[in-house]
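Q: Got chain A sorted already, so can you dock chain B onto it with the hints?
There are 2 protein chains.
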Amino acid sequence: MTNVTDQDRVLIFDTTLRDGEQSPGATMTHEEKLEIAELLDDMGVDIIEAGFPIASEGDFKAVSEIAQRSKNSRICGLARANFADIDRCWEAIKHAEKSRIHTFIGTSPLHRAIPNLTQDEMAEKIHETVSHARNLCENVQWSPMDATRTEWDYLCRVIEIAIKAGATTINIPDTVGYTAPLESADLIKRLIETVPGADEVVFATHCHNDLGMATANSLAAVIGGARQIECTINGLGERAGNTALEEVVMAMRTRNDIMPYHTGIDTTKIMHISRRVATVSGFNVQFNKAIVGKNAFAHESGIHQDGMLKNRDNFEIMRPEDVGLSGTSLPLGKHSGRAALRDKLETLGYEIGDNQLKDIFVRFKDLADRKKEVFDDDLIALMTLDDADDHLQLVSMKVTCGTGGQAESTVELEVDGQDTIATEYGDGPVDATFKAIRAIYPNKAHLQLYQVHAVTAGTDAQATVSVRLEEDGMIATGQSANTDTVVASAKAYIHALNRLIVRREKTGPGADAREISYKDLT
Amino acid sequence: MTNVTDQDRVLIFDTTLRDGEQSPGATMTHEEKLEIAELLDDMGVDIIEAGFPIASEGDFKAVSEIAQRSKNSRICGLARANFADIDRCWEAIKHAEKSRIHTFIGTSPLHRAIPNLTQDEMAEKIHETVSHARNLCENVQWSPMDATRTEWDYLCRVIEIAIKAGATTINIPDTVGYTAPLESADLIKRLIETVPGADEVVFATHCHNDLGMATANSLAAVIGGARQIECTINGLGERAGNTALEEVVMAMRTRNDIMPYHTGIDTTKIMHISRRVATVSGFNVQFNKAIVGKNAFAHESGIHQDGMLKNRDNFEIMRPEDVGLSGTSLPLGKHSGRAALRDKLETLGYEIGDNQLKDIFVRFKDLADRKKEVFDDDLIALMTLDDADDHLQLVSMKVTCGTGGQAESTVELEVDGQDTIATEYGDGPVDATFKAIRAIYPNKAHLQLYQVHAVTAGTDAQATVSVRLEEDGMIATGQSANTDTVVASAKAYIHALNRLIVRREKTGPGADAREISYKDLT
Chain A
1 MTNVTDQDRV
11 LIFDTTLRDG
21 EQSPGATMTH
31 EEKLEIAELL
41 DDMGVDIIEA
51 GFPIASEGDF
61 KAVSEIAQRS
71 KNSRICGLAR
81 ANFADIDRCW
91 EAIKHAEKSR
101 IHTFIGTSPL
111 HRAIPNLTQD
121 EMAEKIHETV
131 SHARNLCENV
141 QWSPMDATRT
151 EWDYLCRVIE
161 IAIKAGATTI
171 NIPDTVGYTA
181 PLESADLIKR
191 LIETVPGADE
201 VVFATHCHND
211 LGMATANSLA
221 AVIGGARQIE
231 CTINGLGERA
241 GNTALEEVVM
251 AMRTRNDIMP
261 YHTGIDTTKI
271 MHISRRVATV
281 SGFNVQFNKA
291 IVGKNAFAHE
301 SGIHQDGMLK
311 NRDNFEIMRP
321 EDVGLSGTSL
331 PLGKHSGRAA
341 LRDKLETLGY
351 EIGDNQLKDI
361 FVRFKDLADR
371 KKEVFDDDLI
381 ALMTLDDADD
391 HLQLVSMKVT
401 CGTGGQAEST
411 VELEVDGQDT
421 IATEYGDGPV
431 DATFKAIRAI
441 YPNKAHLQLY
451 QVHAVTAGTD
461 AQATVSVRLE
471 EDGMIATGQS
481 ANTDTVVASA
491 KAYIHALNRL
501 IVRREKTGPG
511 ADAREISYKD
521 LT
Chain B
1 MTNVTDQDRV
11 LIFDTTLRDG
21 EQSPGATMTH
31 EEKLEIAELL
41 DDMGVDIIEA
51 GFPIASEGDF
61 KAVSEIAQRS
71 KNSRICGLAR
81 ANFADIDRCW
91 EAIKHAEKSR
101 IHTFIGTSPL
111 HRAIPNLTQD
121 EMAEKIHETV
131 SHARNLCENV
141 QWSPMDATRT
151 EWDYLCRVIE
161 IAIKAGATTI
171 NIPDTVGYTA
181 PLESADLIKR
191 LIETVPGADE
201 VVFATHCHND
211 LGMATANSLA
221 AVIGGARQIE
231 CTINGLGERA
241 GNTALEEVVM
251 AMRTRNDIMP
261 YHTGIDTTKI
271 MHISRRVATV
281 SGFNVQFNKA
291 IVGKNAFAHE
301 SGIHQDGMLK
311 NRDNFEIMRP
321 EDVGLSGTSL
331 PLGKHSGRAA
341 LRDKLETLGY
351 EIGDNQLKDI
361 FVRFKDLADR
371 KKEVFDDDLI
381 ALMTLDDADD
391 HLQLVSMKVT
401 CGTGGQAEST
411 VELEVDGQDT
421 IATEYGDGPV
431 DATFKAIRAI
441 YPNKAHLQLY
451 QVHAVTAGTD
461 AQATVSVRLE
471 EDGMIATGQS
481 ANTDTVVASA
491 KAYIHALNRL
501 IVRREKTGPG
511 ADAREISYKD
521 LT
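Those protein sequence lines, which keep their order, are chains A and B.
For the first sequence, the positions run 1 to 522 when the working numbering is used.
For the second sequence, the positions run 1 to 522 when the working numbering is used.
Don't take every hint at face value.
If chains are identical, the list can't say which one is meant, so a pair holds when it fits in one copy or spans any two.
[As the list claims (entries may be wrong)] No more than 25 Å apart at the CA atoms, straight line, and that leaves these computed lysine-lysine pairs for BS3-like:
#1 Lys365 / Lys435
#2 Lys334 / Lys189
#3 Lys344 / Lys358
#4 Lys372 / Lys444
#5 Lys189 / Lys358
#6 Lys365 / Lys398
#7 Lys435 / Lys398
#8 Lys344 / Lys294
#9 Lys269 / Lys98
#10 Lys164 / Lys94
#11 Lys372 / Lys435
#12 Lys444 / Lys164
#13 Lys334 / Lys61
#14 Lys334 / Lys435
#15 Lys61 / Lys372
#16 Lys334 / Lys372
#17 Lys269 / Lys71
No lab work stands behind these hints: they were computed from the structure.
All figures in this text were calculated on a predicted structure; none of them were measured in a lab.
The following block holds chain A by itself, in its conformation from the complex (with noise of 0.2 Å):
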């Protein structure tokens, strides 16, 4: 970057495993939480907030690896204006090179009725807590959540009261999606004119999708005067979501004429991770969502001929190469050896050691016998491994169906080392299987959802199923990718289960996991 400012840096702080990770449904392992951490971490983003340390055991841990994990990146925990809350936020992120506690309290008049303070008690109670997270951690974030519907002067006040309590920045959240860019550029400009000491902290901007426009609130919330923004991959989050992180980071790349500021995101490694944070969250990206779209980069064949090929300046203002989408990439067969297949792995954004690609050269190999070609997708989808099938496993299964009356199926599964039969009917193969597995198994837990993709086109495609299963207010997804889609909805079934049960074990008696909510809190 040349002919830039310090002043023109916009900070990147990434919530996908926290406010993310928190949409109904969108729960992720802890082997997840790590992976997509490190995915992060690589890709240069500035804070990553990787969860909310007191609402369970499994949040801890994973905040607290990632924090000792951590090479670049700032590793952030959320805690309410607690002094339990801040303690063990740092606790958790206390190892990380370069931590962040970020503290916040609802300042609207809605949410100062629900702890029923008074402006001046609630006043006192955010200086104690920002002082206190101050003590432990030289670097603390304080965000005033529903800030846009907060008045004025109140907001002000509690503004100045944390900075002099040693906030470094301060995040304005637009908690319910109800803000426009002029209001969103104005408001973070009044606040940085109005507010005493503003000039020494970082403002954040922090923005839902409810009404389509996070993308343009956050930029608005820059040329304001922000300089963080808040965001998640793919937009992921409750409701709409928050601000995607690929159309902050693209949109001032494209448009650096009219917004001459940047990241130190390396947007080539936007695609990876927005197929990892999809498969590992169930969340697919629409085909005509911006950036990562299937369809983002898609021109119809037709266009080409009257203007695309002539110049690709006319219908391209980005190129699909800036965000890691490699251009018409030839696809492997089954006389491609480990080295192609390592080449092509490590241009998908994947990198493997020698034991690992022994393991999947296996796989592919398998693959590409019942497949002539293997396309990137289907590597990516080879590479979404199974990674906690310890307890059950599937052994064998053979299913009968169609018009004739009801689905048939007979599955061999191995529980803990042994082998067991089950013969179920259903009202198709899938509801047959599950019921077997369920003979063999016996469990509560209710699909949420069932969804099939295939991976590739063609009829040989591989078809990738996953499958969510809740119990007791826990939350497991399970995929799995395979050529015969009754099997790999078996798989991915077994899969989930698998995770719940880690799950349960992890989170042990009475310690719900879903004890204390949070849920889209800021």
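A: Relative to chain A, chain B alone:
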């Protein structure tokens, strides 16, 4: 509406059937276009861009029939800057109660270079073609394609020419999704201030979502003085799509305090048309899509205890009912009668006659026998009737699959009245079944997309399967819902094949529906 003047009225111009339908893979059948047009008309869309009449015989027929059936909406057809296009367009729309010719030309340097016209030559062409259109139709819209990258002076000059030649609406397209809110507002404002005659026409904004800002850019244009927004349902459209109708309409409604404009849209019809467009286009809406996503109004249960239930306003800026989402609605069951079914279908937006009800009731009973509870979403899937299944019909099928080798599928089809059986083997039950269908009815259609969604939760849920086939540049999408995924797959495939056959017949030899490419042109 009270306290509003005519100056506050923003016209909604829907181009789902033109710019939306042209996204790669979103092709709709004739019947689907008629249905969507009727829903757009019913919901209060001011102008429906129904297609591009000269592009193909199919486009012409669709526009023509939509024009004849229109009730309140003005019906618009697209035409390039030549007399043949304009004449053909007029031919298609002239029987509408209210009609509009929309003609366009690319005015930016990049686009002028394609036909190799000088500024003067293009100006002359614009004068001639707009005059010609206005001689045919009293309502003419003109668009300088790629306006946001056209030289300012030249842009003012050609707009003045178009107004003088009789254009009644001037549309400013951001063809490549390049602009940002401040720039979008400023452009419209300066054009209205600068161009002689600007006060006599309506200015329109047409945004694309490549940088995730289409909604904000469209609303900014309105603040700048535009009084027509061009948009599509679900933001359907090429690449990252067009401005989403539901977002701009709900944003103006929700933030009427800072955007004091109103539209004629009945917002309670949004969810129904959103679902229909998603189904017929095969473009699913992501969970976290603003307004119409499955999660848009979903709060993680945890939060309810804290704030949601105490005060609904804390987290809700829109009510689900406002967009036509019924609240907690009780499922139907096998004891539900015809009246209950009709009531429920009406709440869901379906108006059905007695004969149709009879038909649907049979299907409903059949489903209720297999499923304990029939939810709203099950009924919506049930209403996705197979409308073109004349040539091929599934008589019966039987499939065996599992882990022990290839899947086997025996399919019995009635082809134009004659029964044929075939057995084939494949990589999974779907592959084997599709092969068996191809053995009976040989074709070279290529499977572009295969998707399965469980309609509701639970293992006895219906699966909705979408299949997209491509043959010689023609695309057809088929859907089917069944509790047996494999049966639904076969039916969806047959549905798509039947549509391809109908399309082939309609198009006839040599008359390729894709002959003229106008994709993405505005």
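Q: Does each hint hold? Answer for all of them.
A: Hints and how they fare:
| no. | hint | result |
| --- | --- | --- |
| 1 | Lys365 / Lys435 | between (32 Å within a copy, 24 Å between copies) |
| 2 | Lys334 / Lys189 | neither (60 Å within a copy, 61 Å between copies) |
| 3 | Lys344 / Lys358 | within (15 Å within a copy, 56 Å between copies) |
| 4 | Lys372 / Lys444 | between (41 Å within a copy, 17 Å between copies) |
| 5 | Lys189 / Lys358 | neither (56 Å within a copy, 63 Å between copies) |
| 6 | Lys365 / Lys398 | within (24 Å within a copy, 30 Å between copies) |
| 7 | Lys435 / Lys398 | both (13 Å within a copy, 20 Å between copies) |
| 8 | Lys344 / Lys294 | within (20 Å within a copy, 36 Å between copies) |
| 9 | Lys269 / Lys98 | within (23 Å within a copy, 50 Å between copies) |
| 10 | Lys164 / Lys94 | within (23 Å within a copy, 70 Å between copies) |
| 11 | Lys372 / Lys435 | between (34 Å within a copy, 16 Å between copies) |
| 12 | Lys444 / Lys164 | neither (52 Å within a copy, 72 Å between copies) |
| 13 | Lys334 / Lys61 | neither (42 Å within a copy, 48 Å between copies) |
| 14 | Lys334 / Lys435 | between (36 Å within a copy, 22 Å between copies) |
| 15 | Lys61 / Lys372 | neither (44 Å within a copy, 41 Å between copies) |
| 16 | Lys334 / Lys372 | within (7 Å within a copy, 47 Å between copies) |
| 17 | Lys269 / Lys71 | within (17 Å within a copy, 50 Å between copies) |
When the structure is compared with the earlier hints, violations turn up for hints 2, 5, 12, 13 and 15 and for no others.
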